[in-house]
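Asks: Going line by line, the protein sequences match chains W and Z.
Numbering-wise, the first sequence is residues 0 to 423 according to numbering that gives the first Met the number 0.
Numbering-wise, the second sequence is residues 0 to 446 according to numbering that gives the first Met the number 0.
Source of the hints: derived by calculation from the structure; they are not laboratory data.
Glycine included, every Cβ here is placed at the ideal spot set by N, Cα and C.
Do not rely on the hints blindly, as some may be mistaken.
[Unchecked claim] So the derived list for chain W, only partly shown, Cβ under 10 Å to chain Z, looks like this:
#1 Gly68
#2 Ile69
#3 Ile345
[As the list claims (entries may be wrong)] Quick list of the computed label-pair ranges, beta carbon to beta carbon:
#4 W/Gln360 <-> Z/Lys418: 52 to 62 Å
#5 Z/Gly69 <-> W/Lys120: 52 to 62 Å
#6 Z/Asp199 <-> W/Ala367: 18 to 28 Å
[Claimed, not checked] Taking lysine-lysine and the BS3-like style, the derived pairs with C-alpha atoms no more than 30 Å apart in a straight line are:
#7 Z/Lys396 <-> Z/Lys418
#8 Z/Lys418 <-> W/Lys63
#9 Z/Lys418 <-> W/Lys371
#10 Z/Lys76 <-> W/Lys63
#11 W/Lys213 <-> Z/Lys76
#12 Z/Lys128 <-> W/Lys213
#13 W/Lys213 <-> Z/Lys35
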Amino acid sequence: MADLKCTIAGIETINPFWLASAPPTDKYINVVRAFEAGWGGVVWKTLAVDPPVINTSSRYGAHKDGNQGILGINNIELISDRPLETNLEEIRRVRKEWPDRVIIGSMMAVIEEDVWKDLAKKIAASGVHGMELNFGCPHGMCERGMGSAIGQVPEMVEQVTRWVKEAIDIPVFVKLTPNITNILWSAEAAQRGGADAVSLINTINSIITVDLDKMAPTPTVDGKGTHGGYCGSAVKPIALNMVAEISRNPETKDLPISAIGGIETWRDAAEFLALGADALQVCTAAMLYGHRIVDDMKTGLSDWMDAQGYTSIDAFKGMAVPNVVDWNELNMNFDTKAFIDPESCIECGRCHIACEDTAHQAIVFDVAEDGKRSFTVDNDECVGCNLCQIVCPVPDCIEMRDVPTDKPYMTWPEHPLNPIKAAT
Amino acid sequence: MGHRPVTSKGCGHASPAEINANFADLHEPFSGLQAKAEASRCLYCYDAPCIQACPTSIDIPGFIHEITTGNNSGAAKTILSQNIMGGTCARACPTEVLCEQACVLNASDEQPVEIGLLQRHAVDHLMAKNEAHPFKRAESSGKTIAVVGAGPSGLSCAHRAAMLGHDVVVYEAKPKSGGLNEYGLAAYKMVDDFARREVDFLLGIGGIEIRHEQRLGDTLTLDTLKADHDAVFLGIGLGQTNGLRIEGEDMGGVLDAVDFIEALRQSNDKSKLCVGEDVIVIGAGNTAIDAAVQSKRLGADNVTLVYRRGEAQMSATEFEVDLARTNGVNIRLWSAPVEITGRGAVEAMKFEKMTLDGDKLVGTGKHYELPADMVLKAIGQKMDTGPVNGFTIDGNKLTIGDNFETSVAGVFAGGDCIKSGEDLTVQAVEDGKQAAHAIDTYLGGEG
Ligand SMILES: Cc1cc2nc3c(=O)[nH]c(=O)nc-3n(C[C@H](O)[C@H](O)[C@H](O)COP(=O)(O)OP(=O)(O)OC[C@H]3O[C@@H](n4cnc5c(N)ncnc54)[C@H](O)[C@@H]3O)c2cc1C
Ligand SMILES: Cc1cc2nc3c(=O)[nH]c(=O)nc-3n(C[C@H](O)[C@H](O)[C@H](O)COP(=O)(O)O)c2cc1C
Ligand code: SF4
Numbered sequence: 000m001a002d003l004k005c006t007i008a009g010i011e012t013i014n015p016f017w018l019a020s021a022p023p024t025d026k027y028i029n030v031v032r033a034f035e036a037g038w039g040g041v042v043w044k045t046l047a048v049d050p051p052v053i054n055t056s057s058r059y060g061a062h063k064d065g066n067q068g069i070l071g072i073n074n075i076e077l078i079s080d081r082p083l084e085t086n087l088e089e090i091r092r093v094r095k096e097w098p099d100r101v102i103i104g105s106m107m108a109v110i111e112e113d114v115w116k117d118l119a120k121k122i123a124a125s126g127v128h129g130m131e132l133n134f135g136c137p138h139g140m141c142e143r144g145m146g147s148a149i150g151q152v153p154e155m156v157e158q159v160t161r162w163v164k165e166a167i168d169i170p171v172f173v174k175l176t177p178n179i180t181n182i183l184w185s186a187e188a189a190q191r192g193g194a195d196a197v198s199l200i201n202t203i204n205s206i207i208t209v210d211l212d213k214m215a216p217t218p219t220v221d222g223k224g225t226h227g228g229y230c231g232s233a234v235k236p237i238a239l240n241m242v243a244e245i246s247r248n249p250e251t252k253d254l255p256i257s258a259i260g261g262i263e264t265w266r267d268a269a270e271f272l273a274l275g276a277d278a279l280q281v282c283t284a285a286m287l288y289g290h291r292i293v294d295d296m297k298t299g300l301s302d303w304m305d306a307q308g309y310t311s312i313d314a315f316k317g318m319a320v321p322n323v324v325d326w327n328e329l330n331m332n333f334d335t336k337a338f339i340d341p342e343s344c345i346e347c348g349r350c351h352i353a354c355e356d357t358a359h360q361a362i363v364f365d366v367a368e369d370g371k372r373s374f375t376v377d378n379d380e381c382v383g384c385n386l387c388q389i390v391c392p393v394p395d396c397i398e399m400r401d402v403p404t405d406k407p408y409m410t411w412p413e414h415p416l417n418p419i420k421a422a423t
Numbered sequence: 000m001g002h003r004p005v006t007s008k009g010c011g012h013a014s015p016a017e018i019n020a021n022f023a024d025l026h027e028p029f030s031g032l033q034a035k036a037e038a039s040r041c042l043y044c045y046d047a048p049c050i051q052a053c054p055t056s057i058d059i060p061g062f063i064h065e066i067t068t069g070n071n072s073g074a075a076k077t078i079l080s081q082n083i084m085g086g087t088c089a090r091a092c093p094t095e096v097l098c099e100q101a102c103v104l105n106a107s108d109e110q111p112v113e114i115g116l117l118q119r120h121a122v123d124h125l126m127a128k129n130e131a132h133p134f135k136r137a138e139s140s141g142k143t144i145a146v147v148g149a150g151p152s153g154l155s156c157a158h159r160a161a162m163l164g165h166d167v168v169v170y171e172a173k174p175k176s177g178g179l180n181e182y183g184l185a186a187y188k189m190v191d192d193f194a195r196r197e198v199d200f201l202l203g204i205g206g207i208e209i210r211h212e213q214r215l216g217d218t219l220t221l222d223t224l225k226a227d228h229d230a231v232f233l234g235i236g237l238g239q240t241n242g243l244r245i246e247g248e249d250m251g252g253v254l255d256a257v258d259f260i261e262a263l264r265q266s267n268d269k270s271k272l273c274v275g276e277d278v279i280v281i282g283a284g285n286t287a288i289d290a291a292v293q294s295k296r297l298g299a300d301n302v303t304l305v306y307r308r309g310e311a312q313m314s315a316t317e318f319e320v321d322l323a324r325t326n327g328v329n330i331r332l333w334s335a336p337v338e339i340t341g342r343g344a345v346e347a348m349k350f351e352k353m354t355l356d357g358d359k360l361v362g363t364g365k366h367y368e369l370p371a372d373m374v375l376k377a378i379g380q381k382m383d384t385g386p387v388n389g390f391t392i393d394g395n396k397l398t399i400g401d402n403f404e405t406s407v408a409g410v411f412a413g414g415d416c417i418k419s420g421e422d423l424t425v426q427a428v429e430d431g432k433q434a435a436h437a438i439d440t441y442l443g444g445e446g
């Protein structure tokens, strides 16, 4: 069994799996149940100065596939709605009862130095291992000048991070909002402010569905709805890209990353680690399936590591980063073609109609005299787009085969047909 | 498949509760959740093999996709636009040899998509809504068409002809419409008076009048029909049955299986129906299976289905043969009927063991006897040629041209009385639909 122990921003954790700041980490009982289930750490639900916020009734909405499978959820919940001292007392208790697990505090406040510093000190005094600054909440709190209202302005990110670093001496994680045009601006701002790590992503602004009877967005509160934060499996591709951007940016490549966004399986976890994450946070998957979801994450990750010969997470962490490049660095001379295995083909025709209607008319459909349907790729027409392989329902039936070539690696800037190159 | 208690208490004495259980739906309908889950298994094939395997060419992946999006009414319209009796077909089609047999999932060792049950889900949804009829009639052509027989072929023809703008009068020999949907299909396939409800739904198109107890060949003549209408469609089915032609066939207790089933289908209280204690069913088709299973479910002690040849030659589908076995029907193969014995009423039946000599079926000279107080004959039906005297007939079926026209000009035919595909409800519906288009062309329309 590969060892899943790892370290982020100097904090050791028995495994990289933490619960993100959200309902699963809202109070003593949830967190204790998480630790019993095997989670390595939690980021406590975000705290602010009293009086606590008040939440609406009707809070979550879902984006589902045709078979009731949940692709993503959104929420219009605010931060912790319980008194600060109640939360701190519970943090102290869990810290004592679970000494080998990590607890990170999470906080937000209006943009006033004293308020940030006082609150940071109070929470740090409860014994948390680190502090996460919630600059991400995209609904409700931002209308009060908190959350993403700060996270979207790099100067404010830098300023507040610096205030908190001055106030406390535990590691500071800056939680970034994805509701920006370039994640590097806020990541670099956090780094300038002295952040020990960044956590990303928080939820994405969204209207998840429209109730066509009430003619209002869901979740619907007395006939009205508002945009909420989108998360879960569907946001993973967005999170992966943002994590990769920070990992491969020369300015931020050494900034530790606590990756968040749609992690549901060990494979998701491995992908984030390969793109340079140091540890991981999960919210939606736990909300949908319970804390037990971590079992598969742990056993699956360590089985895969064993099979690959990786003895620690450090052994493969960031390995995919050098292979994430700008489009202009891709090899224009590379060629791949679809190959359909006639043995495993079940003759559904999905590849044919996809290519015929929307791609390159490269899959020839024949019906033999005995009624047998056959689908064959016309190599002259196939551009290697992968669409047929994507729509094929049979695993491994369509293979994309690389075409051997003598041609050199040639990028678009070097390409003879590039008009800009031609001009120079 | 629902497994229900099948008890036997002798002649027709199953309790009302047992009867209710035994004659409830053979396949429980899907719940909304089951339908969505099953629909999501469909791969949405292109030019799907299942469509080609359906005699009425329903866009199966299309309607199943509509179910996945919660568009059940749209799914029903997709079905009904090709097959106006999609409700009966969903219940009665031998899908295991039609659409479901062609499902590409079979190739990957998976169960095929349950197309029949999904079809039922969609059509039942639409019919339960009781809304305006989903199809509209074209502008009136001013022409009228006579349809003889209110079975699936006749009604399908009438509906499509009405859609195309013609007025239709249906002449039906029996007091009720539906043909074998009403009188022949097994009771547990057509619960809750579905045949009648479907006819009512179909007539919602308008422009169709049904006149019952009008038999072509009695007072009603072809000449009158031709004089009163611009075209005639014959959907008269197979009105007669084959006999065993053995000693004792006229004895009490010896019945045609179709008559037995008809009585059962028309009975208001099946617990009062009389079935033998020892029932012998002669035949190997789905009618034989239906008669045997329904006898057993009515409470017969012993039901034995006897066939001259082996299981491989039985025309009933594998599903139907399994259904008989799981209902406790004994199947005796390689046995030819020799004689029915008894004093006035049947008491026993004698058989000769048969074997193959090369390809030829021959007697072995060995005989045996089975006790019986009821014998049901299900060895095939044939067309009553009386009403179609003078038509060209080939192999007991009306000869038709490419356009469903018989040898008599202006007279078209479809369903069991012609040779198109198998004698199945779905084929009859397709024949009626195609014949309506042919008649439209004949009357100067666009087909
Ligand atoms: C017992 C039994 C079980 C069956 N089970 C199935 C099954 O499970 N699935 C399946 O797909 N198929 C089944 N079939 C076959 C199916 O019922 C037929 O293929 C189908 O009904 C044929 O339709 P049709 O319109 O040609 O004839 P029919 O349904 O026979 O209708 C003919 C109509 O014409 C009327 N008629 C006849 N002669 C005249 C006349 N001279 N004048 C006026 N009216 C007349 C009759 O009264 C009847 O109403 C079964 C058949 C039988 C006998
Ligand atoms: C109901 C709900 C409440 C949340 N509340 C907070 C919060 O108080 N503080 C915070 O930093 N993030 C909050 N989040 C965001 C999550 O911590 C996490 O960043 C996001 O859901 C993406 O991860 P996931 O895809 O694993 O859910 C919340 C998310 C949800 C679903
Ligand atoms: S890879 Fe794209 S172009 Fe090539 S056959 Fe498949 S769908 Fe067509």
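Asks: Of all the hints given earlier, name the ones this structure violates by number, lowest first.
Replies: Violated: hints 2, 4, 6 and 8.
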